Structures are given as structure tokens and as C-alpha cells.
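Protein chains in written order, with the working numbering: chain A, 35 to 412; chain B, 35 to 412; chain C, 35 to 412; chain D, 35 to 412.
Worth flagging that the hints you see were computed from the coordinates, not collected in a lab. These numbers were taken from a predicted model, which means no experiment stands behind them. Idealized CB from N, CA, C, for every residue including glycine. A couple of the hints might just be wrong.
[As the list claims (entries may be wrong)] Sample of chain B residues facing chain A (criterion: CB under 8 Å; computed from the structure): (1) L81; (2) F82; (3) L83; (4) D86; (5) G90; (6) G198; (7) R261; (8) H281; (9) Y298; (10) E405.
[As the list claims (entries may be wrong)] Pairs of lysine-lysine, DSS-like flavour, derived with a Cα cap of 25 Å: (11) K153/B x K407/A; (12) K73/A x K210/A; (13) K210/D x K73/D; (14) K73/C x K210/C; (15) K407/C x K407/D.
4 protein chains.
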Amino acid sequence: MGMVGGGRDAFIGPVHRMAAGLDGLIELVCGAFSADADKSRASGADLFLPADRCYGSWTEMLRSERALPEDRRLDFVSIVTPNHLHFPIATAALDAGFHVVCDKPMTVSLTEARTLADKVEESGLLFALTHNYTGYPLVKEARHRVAAGELGTIRKVVVEYPQGWLATALEEGGHKQADWRTDPARAGVSCCMGDIGTHAENLSEYVTGLQIEELCADLSTFLAGRRLDDDGSVLLRFDNGARGVLHASQVSIDEENALAIRVYGDRGGLEWRQEEPNTLLLKWPDRPREVLRTSGPTLSAEAAFNTRLPMGHPEGFIEAFANLYRNFALTLDAQRRGVEPRPEWSDFPTVHDGVRGMAFLEAVVRNSAGEEKWSRLG
Amino acid sequence: MGMVGGGRDAFIGPVHRMAAGLDGLIELVCGAFSADADKSRASGADLFLPADRCYGSWTEMLRSERALPEDRRLDFVSIVTPNHLHFPIATAALDAGFHVVCDKPMTVSLTEARTLADKVEESGLLFALTHNYTGYPLVKEARHRVAAGELGTIRKVVVEYPQGWLATALEEGGHKQADWRTDPARAGVSCCMGDIGTHAENLSEYVTGLQIEELCADLSTFLAGRRLDDDGSVLLRFDNGARGVLHASQVSIDEENALAIRVYGDRGGLEWRQEEPNTLLLKWPDRPREVLRTSGPTLSAEAAFNTRLPMGHPEGFIEAFANLYRNFALTLDAQRRGVEPRPEWSDFPTVHDGVRGMAFLEAVVRNSAGEEKWSRLG
Amino acid sequence: MGMVGGGRDAFIGPVHRMAAGLDGLIELVCGAFSADADKSRASGADLFLPADRCYGSWTEMLRSERALPEDRRLDFVSIVTPNHLHFPIATAALDAGFHVVCDKPMTVSLTEARTLADKVEESGLLFALTHNYTGYPLVKEARHRVAAGELGTIRKVVVEYPQGWLATALEEGGHKQADWRTDPARAGVSCCMGDIGTHAENLSEYVTGLQIEELCADLSTFLAGRRLDDDGSVLLRFDNGARGVLHASQVSIDEENALAIRVYGDRGGLEWRQEEPNTLLLKWPDRPREVLRTSGPTLSAEAAFNTRLPMGHPEGFIEAFANLYRNFALTLDAQRRGVEPRPEWSDFPTVHDGVRGMAFLEAVVRNSAGEEKWSRLG
Amino acid sequence: MGMVGGGRDAFIGPVHRMAAGLDGLIELVCGAFSADADKSRASGADLFLPADRCYGSWTEMLRSERALPEDRRLDFVSIVTPNHLHFPIATAALDAGFHVVCDKPMTVSLTEARTLADKVEESGLLFALTHNYTGYPLVKEARHRVAAGELGTIRKVVVEYPQGWLATALEEGGHKQADWRTDPARAGVSCCMGDIGTHAENLSEYVTGLQIEELCADLSTFLAGRRLDDDGSVLLRFDNGARGVLHASQVSIDEENALAIRVYGDRGGLEWRQEEPNTLLLKWPDRPREVLRTSGPTLSAEAAFNTRLPMGHPEGFIEAFANLYRNFALTLDAQRRGVEPRPEWSDFPTVHDGVRGMAFLEAVVRNSAGEEKWSRLG
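Kindly generate the complete structure, drawing on both the sequences and the hints.
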């Protein structure tokens, strides 16, 4: 694995490295960790990388690695930069023949997203998008239960993602994460909905197996001078007739990372909360609510495959993230060995999830700004 | 107190009676408990009422009680019938010179609500509307905290009221509560939004002290053949610029009565859930989340006044409901004694809350059915 | 009902009155509310009692009421005084031919308790002891589940009752409740174990249907100068071989009234917590944990009989307390009518629970003070 | 790092490897993964180790590694075998000049433990004992708060560790983990108290900074034919006069790994539960309960140093375990570089914790079997 971005002081770069390394299947071999070449090299040295594989730029990295013998060069590029760079780097990496793992939102426009999807298709290379929350064992269990029909026909979805960290104008004080996320040039058309609303959208479609067809949105910017939204609520209509609500916020003080989903069908319901991710509630009309726990005795094969520890040994954010990398690596290895990957290995978000995310995001922004009540996803 | 409705097999009638009687300030002296005169009398006998004050109809009750000497007749009428009867009974009771306690939603139209409000104003009589959830001590604490400015300027409100009891077509099996609530002739323009959505609306305005100015709604009816909505979600815009989401459902399987509210300002936030009503969470940007508990040492006078027991002795639905009756009774007693009621005595929902509720309800129904994105409350 | 104790400023007196009155079956007709005759009369006036039935002393009350015609006199005496008065008042009330409801702990010694039990037996009168926590619907459900064998043979019981209100020497500041509870002359041999430890003991025996056979205890007094224990832990051995731990405390800061019980058998387990009393957890070896809620669809007849409201309408301390009074009243009424009370009516704690409590308490105090490892209950 | 034990099908071996590798500071270079040489080599191959460093036995590993050049040989031995092998392997590793990380309980007797402690002292080598639960950030916060005096003088400690996995006789069915843990020859004098009771003991002493001085215990074996205890409760007296209760169980059905601690002082209290390890409750006499969360703004440097992610990104069992390995590695690196380790680097359990644990364990077993009420720790 070679990494682009994630140098000193980055938040998500170390997470990707810990997640990728957790199962001993993926080794970081090189990187271009910063747009600042010196910082990139220093960051690589921190990671005990050899100096000649700490690159000054991602273009240099792609070029140099491509020149190495096949068994020594990187296998795939992990892109953990601000949003606006995802598209050019991913495109170049694919052009150079490398598989790609890319942070979300995938691009800064739906057009870019579709172009990238076409390129991935043509290349035959693997592309994973790190909608990491779908890596939790009990999210996989939730998806399994819906797919197995246990909840019946889905009627109602409530998905939410409150955070509070942008309740003040951190970006004015030079806070790096806040700075780029509120900058249209680097973040794209949205801050709150792009950064976390797309996670909520992805989670709702992953768990239910449905697609959002129409939506009605109201985005807000509560901080004077802030250039993008920091809060938003969306009414949802799914392709089977189910209705939903999605709300996300970065100004909900003291909310940490409170992604949560509730799904109700005509036979049952479920509830999962990211901050206590090892519990999944199942709701029934005629018998008591059930509390499923990670690694519990009655879980599906899908959940079990993405679990590392026995019951009562809490698995967290890194482990969920690692499931994505592990499944990607297993699929990649199968592809190399010329064997069919087992179905559970292919269970990671792809470029198609990225297209869905950008379609959602553009519809939300467009609807919120206009007079139309319901907007269809492009 | 004389009661209209609430005979054998009723749900809410006994609650009103337990609540009214809890503090020893209010005595049930008569009633017209059913449209069926025999059932009314039998119900009254169950309650140890003398036969001559178990009336065959509410018109008979009003007429007969009015004919009694002033110190023997009922003081106020408690109306616990289906919605469509609230207006005629309340109007007649006021005309007969009686104070009124009325269940919600107050009427079946905004026009009726306004007419009733005018009549109450003219009469000089007291009118309480049983939006009972505002009777919980910690709801009063929540309102106090917002009013005291502790949360700063309110930005975001999330209020929800999921239930699951109408997930199947109970009304087709003769279930009494389901039957009238899904019947436009008795329930009015809405089932879900009228029955519980208005509680959520009222709670959000009570706690924040704000008013909903505009809304955008999506109501659904999931059960084939059902005549009114059983689910709905609403985007809210408050009069200070705050945004909100309100969602209510009667088809969210295994949700009991999960009314909950979260409010976020620019200085702090709060969260309260009806099913565990003795906990109120306060959320701060720079210090740990606080867990307030009913009867705790740092609560406001408003909360303390509406609390009966020391910490750790859970107060429930009946006690909250009783606060409304008790405050109404204290105000009535003060009025009779010709003294100014203390401010905390006047803390019960009035006819004006009923007008707000009907304005909300009609806007929701109208908006949901039309193409307009934002509808103003009438 | 005539009450002894519970005058102005009392804590538990008003609870008894609200509980007794909740269902409209019991009327307070007289009382001797304080050892101070003036205070007693003033307290009665607060309650709208006629002056001639607000007595200056409990002896006067018993004498005067006995002299009234049978259909006008009190039916039963409710004793809500400090502990040392329970025995003389109960004895005198029984001698006067009145039924008795008595607060716990029943007496100040096992000898008194046994004497009282004999007297109750001889009199043929009813005696209820207000171990009110067994009145919660889900405690009755818990007992039912164990009795039905769903948990199998009970192996382990963990029962606890942490409070924090005596973490400082409140009794030195004249705090009325603290004053008498820490005074051996009025409280008896124990403060913490007598006041709340006996509730825990009673709950454990009620839920499991077992009896504590042997125990090993360690009582403490953390406040210098305090005359009785304010904390204690006890190892338990039940009569079927099950083991247990009981710990209670009044110095566990910020614990309110955190009575809780966990029971484990060879087929399943359960957990209930008084502060959120509408939830009961069931634990199974091979299927998910179940969350039972008050008034839920799968509850036993025992639980349902002691529930007033549908699911999601929280029932609290007063309602649980009221169940005891209601069941007592139904049994009393049946006895008068000469009919056999239905089994669920007889479900209230009796003088025999009081004997068990005093046997437990004396064994705890004796064991804690001595060198013997295991002490048998007397 | 070279590992002894932890081959295919082991539970704790992979945890140690993930934990050791998480921060990129420690590399697994060799191992003797099983007493079965073939299985050891196969296990090493699974981990991509070179064949010549997959040893057939731990004695071979120590001998061969010692013969390698200093910069190529293992730095420290990680011992993850059944208990009875800890002492001989640790001793031999120290003799060979290697540092040691060892699973708990440290030995099978207090005598062994003291001998090992002496040897560690003499050798000048580092020794870490994997009482991993003290690695959680909020456990470190808890310790910090007590040490800073925020809770005042500690009065009461309640520590518990319920599990349910041995509620049936798994050992009779060949369950590997159950088999050796219930075998005195491999587990030592205790199953439940040794395996998890010592964790509870260690946690209580780590958080409070106190030492258990005396105890009174009741161990049980509920499964017929089981050779060691599967449940136990212990009354504790600490060296400052504080009292406590410790209970642990392996037959509490459906309890997963429910280690929890509550500590109460004369100024405040705290509560932490392993299954939701990112929450720490602080309890105060005069202000609301506070909810601390991992990575929250007001945490101590000790907690922050052991945290990898921002708030709301749950850290789990592996991350806590990794803190122990990381701190060990930082201390080892400092020692090599000849610099003083920073205090937070030295924060890992040592051989002295192991001596405490064995003293506790032997006192518990002895007390439980005898007539003496209170036994002092050796």
C-alpha cells in the first residue's frame, strides 16, 4: 500500500494505517504524505519507511513506483487527502495500473463521480470507498436481517448524524480539519452533508438494500461567514415506497459522532448507534425487544466474518475500518490468484456507492436552494 | 369535577381521574361517561358516584349541574371524548359557566380552535388543554434552562414521537381506540399527526419558547384502506431562525410512546426522553455532559414545584398528568379567592396552545398534499 | 383508613396517602399525624379532614374510632412512624380489632417481630408490610419467571441498594429523616441495613422464592460519631444452595435509590433496576437478551394485574406502592364479603416478611460484630 | 517480539499480535506458537514469518534467538500460554537476557510470583503483565481522578466481573479454553478467581491506588464434576479503611465480559463498565452526574496519552491492550537509548502487580475453604 495524504497532524491518515495493518495482510511500503515535500518525507520517516519511498508528491510516487519491479512496487494507493484531490489522484492511480482505496465523499461532483466509475469499470481494477461505518459487524447483521426478510417490507427509515465540533467558527482559528471542510474549493458543494450526510445516506442504503429516489432538503449555515452548510435535514422517499428522515449536524453541541439508524418494516424494526456499536436492537410486534451483541451466538455469517473477538470484548472504530481494508485485500489477493473471491470478501463500498453519494449530495444542495418540493436523485 | 367520556373500557378517562385525584385537591362529583346512557350510569356506579349524578348525556349533565346550588355543583368539566366532540362540549360548558379541562387535539379545525379561544377569552373562565407531557418535572427544567439562556440562541430542534401500535389494521378488528382515531368524522383531518404529532409540536414550542413559523411535511398512510395518516415527517423553521425536524409514527413496530426532544443552541444542548422521563441530559461544548435527575439538588424552582418525591423515586406518566390538573386547580382556587395565582400555578397548557396545535396540524396536512415547499402556519 | 404519623414535613406519609388513594378504593378518614397534638390537627386540616377526626395521639385515635359505629369507623390503620413505634401501635391496633398496614422494618427486634406475627395469626386480621418495591409490575414478572422455572435452578443472586444521602453527617444538622434513622432508640439495631438492606433482602426472597439460610456480613460506619451503620456488604447462602451478594450503602455519593437485582439460574438470568423500573432484562444462553417493558404483550397475568397504563406510559414509585394498598384493599373487601380473595389480591408483603426481615437484620448485625464466618438466620 | 503460545485456534494470541502491532512500534519476528512443533510452524507460516524463525519449542526459540546477532534477535518474549507455563518460560527468557510480556495470572502460586519478582529485579530487564483492562483511557482517567483527590478519601469499592460462558460443562466437550482453565494442573488453584477475579482485584487497586489488606471469600463450583471454582464473592478491606465487594462469575448466563467498577469517596464517586468502555461517570454530592467520554475535552494527560482517536470514534479492547504494549515498547526504547522514560510510558502492569494478584488469589482460596472470617493478604 502507498498512501497519499495523512502526514503529520492529519486525523484520518493514521486511522487508515492502523486499519490497514491490523490483520497483518497489508503493509505500508511508501507514501506521499503531504503536498509539502519535506513534510511528506518527515512523515514517512516517522513511520520507519525507507527514505527512497517517501515521496515529495503523489505524481512522483505513482511514477517511481510504476518503475519498480512488479513484486516490489505498491499494490494499491490509499487516498486520504481533502475531497478535491480524490478525483485526480484516483484517476492517475488507475491510469498507472494501481488499485485504489479512496476516502469519501468520492469526488466533488456527480460528473466526476460518474467519470471515475466508468474508468474503474474499464480498468478492471479494484476500487474501495471508505464508508467505514458499514464495516461494523452489527451493521452487517442489520443488513443481513433486512435482506433475509425478517423486518418485512421496509416502511420507515430514520438516520441521523449529529456532531457538535463546528458549533464555533474553528476554521477562523486555523483548525486544519475545519479549514478545508468549510472551503468550497477543497470540500466541494457541501460541508456537513458531504462530510457526514453521505455516510448517513450510504448507511441507510446499505442496511435497507433500498435506494433513495426523491428527497426534500433544508440545509443551514449557522455560523456567520461560514461558506458551506453546517446542518441539514432531509425528507426521503425510497424506491419501494418507504419514507425516511435524514438529519445531520455539525453544530449540535456535545454530540460526538452520533451516527444512528432505525429501520421499521411491516414485520419488525431495528436500531443501531455508532457510539455504542456493539449493540443492535431488534424490535418485534409480538415478542420482546432483542439485544444483539457483537459476536453473540445467533449472529449471521456476515457479522461473524467481520468480528475478531469473543462477546464482551468491545470492537471499535478501527476494527470496523479494518474490515473494509481486509475485505479489499482478500478480494485483491483472490483476483491475483485468479480465484473467485468469496462473497463476504467483496463486501466493501465501491465506486458505485460513491456515485450514489454524489447524486444524493447534489440533489440535496439543489433542492435546498430551490422552490421545488421533491427532487429526484440524478 | 364532572367528566364527559371516559366510561368503561376507555383508556384516557381513568388516567384523567387518577391524575385529578392524586393530590387530594379535586374530587370527581359527576359525569356523563358515555354516549350510551346505561353505560354512563354503570361507569359512574363503578366509581362510587351517587346515581343522580351519573348522567345519561353531557347535555343533561350541564343542565342539571347548573341547576344545583353553586357550592354543590361541579366546578369544571373534564372532556375526554373523541376529538370531534371537544368543540361542542367545551363551548356548551363555557356557556353554562363552567371552567374546562379538555383533551387534545383541541378541536377538529383551526376555525373551531379560534372560535373556542375567543369564547374562552370572553367568558373569563379557565381552560386547560391536556398536553400532559409538559407536566414532567424535567420538561419544566428543560424549558427553564432555555429561558434562562443557558443554551444560548437555539439553532436546532429534533423532536420525535414514534409508536408502533397501528402497524397493523387494528381498526378493522374493532379496536376502539384505533377505530375512532382513524375515522375522519371523529378524529378530524389527521390520525398520527393529530394524535401525537401535536404533542411533539407542543413540546417543542414549550421547551424552546419559540414558535414554528414554516414547515414542509410528508405524511404517509402505510396500511391499505386506512383513511388517515399513520406516519409523518416535517421540516421546521422557527421564528428565530432555528431549524428543526419533527417525525411521528404509529407504524414503527415496538416503539411504545417514544416522545423525545433534543434542542441545541449556540452555548449548549439538552435531551429528554419520555419513556425514561426522570433523566434530562445537558450538553456543553467545554465540559462533560450532565445528567439531571428528577428531584436533584440543582434543579429549578419550576421543576421542584412539579415534583412529589425525593431523588430516585421514579415519577411517571400519572404524576406528570397530575401536575397539570393540580396547577389548574390551584389557579382556579386562587381565582375564586380573588388572589393572584403564583406564576407556577398558571403553568398549564391553555386554549392558545390548542390554537397553535390546530394551526400546525392544518399546515402539515395542507403542505403534505400539495406542491408548495414551505407553508406558513395560519 | 386512619393514619399514624406522616404529618407536615414527613416524607413517607404523603406517599402512603397518594398510593392508598390512587385507585379510588381507599379513603383517608382520620389520623394521628404527629406526636405533637397541634401539629397532628394542623396536618389533618391540610388534608381536608374534619376536625373531630384529627386526633392528638394514636391512642386517642384507636379509642375514639373504636367507639364509632362500625360503618363509620376506620377500617385499617396505616403506620408510618419511626421504627420503634411500629410494634406498640400495630399491637394496639390489632387489639382494637383494626387491620394494619405498617411501614418497614416491621419492628426493632426479631422477638418483637415474632410476637407480632403470633398476634396477627390469632386475631385473624390482615397485616400488610410496605416492602413497596415488590409492587412494581416487572418485579412481579421477575418472580413469575423464576417460579415458572424459566431460569432453571437459581445459582447466583446479586442484590444491591446504594444511596448517597448520608454521605455527610446530616443528622448533626437536624435533618429529621437522618436524625431518627441514625438513632438506635428509634431506628433499632441498624440504620443502613434496617432501612434499605431489608428491602434488598425482601426483594431477593420475593423474586427467587428462596430463603437466605446463612450469611457473612461486614457493616461499616464511615461518619465519625454516627451511631449506626451507614454501609454494609453481605455474602449470602440460600436454602437451595444458591449463593449471593447483597450490598447496601447510604454513603455512595450521588446514588439515589439504586436498588437492583440480578438473578442467574442454570437456564437463564434476569436483571431489574428500581430507578428505571419499567424495564426487565431476561438473559439466555443461546438467544438474544430480551427487554421486557411494563405492559408489554408477553407479560404474565401477575404483572398485568398490577399495571394501570399501556406500554410507554411510565409507571413509577407511587403506582408500585399503590399496588400494595390496592391488593390489600381487595383482600379486605373480599374478606368482608365473605368470599375467597383471588390469588393476585393476596399478593402483598405480610407479617411473615417482617419476621424474615428482622431475622436477616439481627443475623447481619451479629455476624458483622463477631468472629464467626457464617451465621444462620434465626 | 517473539511469541510463546497463541497458535492456530488460540483466543488470546491474535489479540496480543494485533495489540502489539497496532502502533507500528513492535514487529513479530519469531515464535513458538504451540507445544506441537508442526502446529507451531504452521501457525508461524500463517503469519508470514520466515520458516527458520518458527520454532518447534520455546526452549529452541530462546536458544536460537540468543545465538543471533543482537540487532537481529527478538527484543522481548510475549508469553500467552496457559498459566502453569508462565513461570518457567518467563524465568528462562529473563535468564536468556530477554525482556518479557506475560499474560495473567502471572504464575500458579505466590511463591513462584515472588521468585519471579526477585529475578526481574536482579536482571534489570523489563517485565509487563497483561492486566489489559487498565489500558483503557477512561480507566486511566479514573485512576487520575482518585489520585488527584477529586473523590476525597475512598470509602467504598464495588468491583464485579460476571461472565456466563462456563454455565455449562464446556470442558467435558473438549472446549480448549474451558479445558485448561478448569484443570488445576494448568490453571493453578482457581478458575474463576484466577482468570477474571484477579483482573477485578488489579483494577480496583489500580484505580484507587489502595491495597487490599484483608478479605473474606466464598467460592463456589456450580457444575458437578468441575474441578475448580466457577463463581465467587469476596468482602474486601483496603489499607486506608475503605470497604469493598468483589464478585466474579463464569456461570452468570448471558453476561459477556461485564467487568465494572464503582468507587465512592467522601467527596465524589465514579463508575466505569468495560463493555461500554468509552464512558466514565463521575458522581458528585452537590452537582449533576457527569458523563466523561474517551477523548473528551476535559480529560487528563494520562487518558489523552492512551487515546488514538477523536471523540465519538469508539476505542475497544484491542486499543486498550495495545496501550500496554506501546507503553512497554516506549519504555524499552528509552532504556536502550539510555534516557529516562517519560512517566506515562512506564504506565503498564509489572511483576509487582503479579505478586499482588497471587497474594489475593491464595488468600481468597484459603479463606473460602476455612473457618477464619478475615484473612490477610500474604
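Hint by hint, here is what the structure shows:
| no. | hint | verdict |
| --- | --- | --- |
| 1 | L81 | violated (34 Å) |
| 2 | F82 | violated (37 Å) |
| 3 | L83 | violated (38 Å) |
| 4 | D86 | violated (46 Å) |
| 5 | G90 | violated (39 Å) |
| 6 | G198 | holds (7 Å) |
| 7 | R261 | violated (18 Å) |
| 8 | H281 | holds (5 Å) |
| 9 | Y298 | holds (5 Å) |
| 10 | E405 | holds (6 Å) |
| 11 | K153/B x K407/A | violated (38 Å) |
| 12 | K73/A x K210/A | holds (15 Å) |
| 13 | K210/D x K73/D | holds (15 Å) |
| 14 | K73/C x K210/C | holds (15 Å) |
| 15 | K407/C x K407/D | holds (5 Å) |
Figure legend: structure checked against the earlier numbered hints; hints not met, in rising order: 1, 2, 3, 4, 5, 7 and 11.
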